[in-house]
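Protein chains in written order, with this note's numbering: chain A, 317 to 828; chain B, -9 to 359.
Read the hints as simulated data drawn from the structure, not as lab findings. From the three backbone atoms N, C-alpha and C, an ideal C-beta is built for every residue, glycine too. The reader is advised that the hints may include incorrect statements.
One side of the interface only, derived from the structure: several residues of chain B facing chain A at Cβ under 7 Å [claimed, not checked]:
1) His208
2) Thr210
3) Leu220
4) Ser221
5) Ala228
6) Gly229
With a Cα cut of at most 25 Å, we get these calculated PhoX-like pairs of lysine-lysine [said to hold, decoys possible]:
7) Lys429/A <-> Lys451/A
8) Lys211/B <-> Lys683/A
9) Lys394/A <-> Lys441/A
10) Lys234/B <-> Lys647/A
11) Lys347/B <-> Lys582/A
12) Lys647/A <-> Lys211/B
13) Lys589/A <-> Lys785/A
14) Lys441/A <-> Lys495/A
15) Lys663/A <-> Lys226/B
16) Lys573/A <-> Lys323/A
17) Lys584/A <-> Lys234/B
18) Lys785/A <-> Lys513/A
19) Lys304/B <-> Lys323/A
20) Lys785/A <-> Lys736/A
21) Lys694/A <-> Lys211/B
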Amino acid sequence: MAYLEMKHVSKYFDRVAANVDVNLSIEKGEVHALLGENGAGKSTLMNILYGVYHQSEGELFLDGEKLHIKDPKDAIEKGIGMVHQHFMLIPELTVIENVVLGMRENKAILDLKAAAQKFEAMSEKYGMHINPWVKVDMLTVGHQQRLEILKALYRNANILILDEPTAVLTPQEVGVLFKVIRQLTAEGKTIIFISHKMNEIMEICDYCTVLRRGRTVQTVKVSDIKDKQELATLMVGHAVELNMHKSIKEPGNVILKVDKLTYTNKLKVDKLKEVTFDIHEGEIVGICGVDDNGQSELIKCITGNETATKGHVTILDEDCTHAGVRHILDKGVSHIPEDRHNMAMIKNLSINENLILMALKKDGYSKHGFIDWKWVTKHNQELCREYEVKTPDVNELAGNLSGGNQQKFVVGRELDRNPKILVAMHPDRGLDIGATKYIQRRILAEREKGTGVVLVSTELDEIMELSDKIVVLNNGEVMGILDQKEATVEKLGLMMAGERMPGYEKESDALD
Amino acid sequence: MEQTNKNKVMQFLRGKQYPFIAIGVALLISGCIIKAMGFDPFLALKSLLSGALGTTNAWGETLIKMIPLIFTALSFSVAMKSGIVNLGATGQVYIGSLAGTLIATNFAGLPAIIHIPLALIAGMAAGGAYGWLAIALKNKFGANELVTTIMLNYIAIQFVNYMVSDPIRDYGATTALPQSRMVTDTAVLTKIIPNTRLHIGLFIAIAALILYYILFWHTTKGYELKVTGLSQSVSKYAGMNVKKNQTISMVMAGALAGMCGVIEILAIQSRITQDWAGDIGFDGVAVALLGGNTPVGIGLSAFLFGMLSSGANKMQMMAKVPNAVIYLVQGLVVLFVVGRNIFIWKSKKKNEKKIEKMKQAVHKEQVEV
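One chain only, chain A, in its complex shape (with noise of 0.2 Å):
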């Protein structure tokens, strides 16, 4: 018998069946990879096992014999960890007070001394070095990962759980990460990693179970997997076309220019410092960094929801760096937001009445104030057909379809405009290799008729794939311009790190 076993467990919600029948065995000291879609039922199945939700049917076994999780306290104390993709840590606290946070051994008068000499000792051995005494909001996310993990040993965890641990590190944190992940399992240690970046998984895992639709697909033995492609395939169900197929082109006019744009925020802390760039028709733009790095500011400033403090945006040679939202959408631009439930979507409107939200005041959609309800309804049935959004019909709530399904009708929306310049930021965050797959093409085919193209993404492949220029933003500055031709993992992964490229020192490096 294996390690760590769940066997039949299924779970079943108000409306959704999320397991259903599902094994998982695992060995000691590998690290076993859950691989799925958004949705599959990766995260379900692993809250199952940290006592956050209970099954509804199924057994659990570790080391044989038969495992009761309460809640998480209790799962701590069997020793199964778990690091939350969004971090269980109090940002106001320091290090060391979020590391005994709630333990059980905690006397009325806290030690904090002797925790943090035994939480140094165990920092050091796994060369994560972490200064005990520091508020956790000073610390990067790579740290505060860190410090997850860190946490989760220093409860004696011997099963750790990293929920998509890489979404938020760059490429040499990964690295990093890696390492410690080899360390831990030649301890003997159990890592289980949720993930859906078969790059990774091919990287670093021993075994790999595929989840579909809340089942277990297979457990295969990762060196018997031949390419990504094959992986691919088992999570989705069928075989899926990974390469984009991208004309070469000539750019034409520059459409777009940000010339030296500065923005500081509220907290007087400069989000954006003399970025410069510009975007050609036809042409599409990467903008790429670890997240927070000044993308989103830059995408408020470049569709008026910012205004700059310093330097210009110019907009098919219009200075519109004070301009209002309206006048630029009303310029062609199109503008798909980062944060769809927020910014734009109502899921308490059907989604008919989403659909009209941008194209308002156009021929057709309303005539002297009114809107032509009849028409816009026989418009939007088109394009939802034309865009695939799976739905009964138009006057269904937005709220009730699935997240893949809402980003295909904002999607649809957005390009339904005919836009000459289309901002998309994060476009497929969140979505299924299908409905990504899809979204790309469809970006693909903006540029084809010669729409310039802003795209921000965290995810590397997909900014290498689609891009024909690639900006880098660290905190705030441009680290450097690449053709997609120059660019590789390793480059983009140190300039997102604080790297700059030949041509783009700061200017008082520059004079030394």
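Start from chain A and add chain B according to the hints.
Chain B in isolation, oriented as in the chain A frame:
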């Protein structure tokens, strides 16, 4: 296409059962309380109904009570649609009624066809301006409208009290109570049915309901206001001016309340007195909540509340039930509408059944695969 229609109907009916359940439960509880007080609940209900709908005159009174409720409810709903909680209908009613009275008690020589609209417009304008004040404070200083609208109510009421106590007081009146002069004959609203007090304000109220429907369900501006109310971030992303939209809504809300004030003065009160309208705005909030901010809902619930208040006296006379019980019913109705989750309570057994059903469906699917 049939699918579309069916879905449309389902969409329309979604959640519409709750107000009815709320009314039922509220009546049931009130009945128990009446019983516990030692009265006969059935007799109370019977006399309430006959008092509200028994005669032509009773019908007239019910409809008269319904008119101000429709306006104050619309005042709340229009603001609510764009995301503003207007608890200031009371103040807007007072200010509107004051302006309307000033027009209606003067200019005696004007023909009615000019005098009445003039008074109505003055009331709307004053109410609208008062509504604008609250939203201007919010836009300029970030003052929460929940607080400012309530505070502005007191200011408006006291201002009217002051005006009536001296500047516009009718010193020739026979009563010692401060009051304004009578509305001149040319400004009195026309009656619809002889021998009742029912006046053309009813048509204006119904027209307001219809305009409300057209605005929010069929015009681009109404759509913009609605989007602003549902999500400010979405409306900003679409290039809408949130502050401007909310200002428009609040001015409309104030104008509706102001209209309510004038109509009541012109048709029923004939003169303005101190505290003449009580807390009229809050009845409107209750009606709007029960009606779910929809035109039909507001019409129906205003009718229900109108019935309750016009039948209350007869209930007190015949069944001896104190008419304060009406406020109990109203309070319970609103409580159950707002706390509707009480009805979405599920038994454990029902849940198990559901899971069993899902299991079967899943197994069936497996066989097919």
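Quick rundown of the hints versus the structure:
Here the hint on His208/B is kept, as its CB sits about 6 Å from the closest CB of chain A, short of 7 Å. Checking Thr210/B against chain A by beta carbon gives a least distance of about 5 Å; that is within 7 Å, so the hint holds. For Leu220/B, the shortest C-beta to C-beta distance to chain A is roughly 5 Å, which falls under 7 Å, so the interface hint holds. Taking 7 Å as the C-beta contact cut-off toward chain A, the hint placing Ser221/B at the interface holds, the least distance being around 5 Å.
The restraint placing Ala228/B at the interface with chain A holds, with a minimum CB-CB distance near 5 Å, inside the 7 Å limit. Taken as an interface hint, Gly229/B checks out: its beta carbon lies about 3 Å from the nearest beta carbon of chain A, inside 7 Å. Between Lys429/A and Lys451/A, the direct Cα distance comes to roughly 16 Å. Compliance with the 25 Å bound is thereby established for this hinted pair. Of the pairs offered as hints, the one joining Lys211/B and Lys683/A holds, with about 12 Å between alpha carbons and a cut-off of 25 Å not exceeded.
Taking the CA atoms of Lys394/A and Lys441/A, the gap is about 23 Å. The hint holds against a cut of 25 Å. At most 25 Å may separate the alpha-carbon atoms for a hinted pair to count; Lys234/B and Lys647/A meet this at roughly 22 Å. A hinted pair counts as satisfied when its Cα atoms are at most 25 Å apart, and Lys347/B with Lys582/A does not qualify at roughly 54 Å. Of the supplied pair hints, the one linking Lys647/A and Lys211/B holds, its CA atoms being roughly 22 Å apart against a limit of 25 Å.
For the hint linking Lys589/A to Lys785/A, the alpha-carbon distance of about 20 Å falls within 25 Å, and the restraint holds. For the suggested pair Lys441/A and Lys495/A, the alpha carbons sit about 12 Å apart, so the restraint of at most 25 Å is met. Simply put, Lys663/A and Lys226/B have alpha-carbon atoms about 16 Å apart, close enough for the 25 Å limit, and the pair holds. A distance of roughly 58 Å separates the Cα atoms of Lys573/A and Lys323/A; the hinted pair therefore is violated under the 25 Å criterion.
Distance check on the hinted pair: Lys584/A and Lys234/B sit about 28 Å apart at the alpha-carbon level, beyond 25 Å; violated. Distance restraint check for Lys785/A and Lys513/A: the Cα-Cα separation of roughly 24 Å lies within the 25 Å cut-off, and the hinted pair is therefore satisfied. Straight-line distance between C-alpha atoms of Lys304/B and Lys323/A comes to about 71 Å, which puts the hinted pair past the 25 Å bound. For a cut-off of 25 Å, the pair hint linking Lys785/A to Lys736/A stands: about 18 Å separates their Cα positions.
Restraint check: the Cα-Cα separation between Lys694/A and Lys211/B comes to about 22 Å, which is no more than 25 Å; the hinted pair holds.
Going through the hint list in order, the structure does not satisfy hints 11, 16, 17 and 19.
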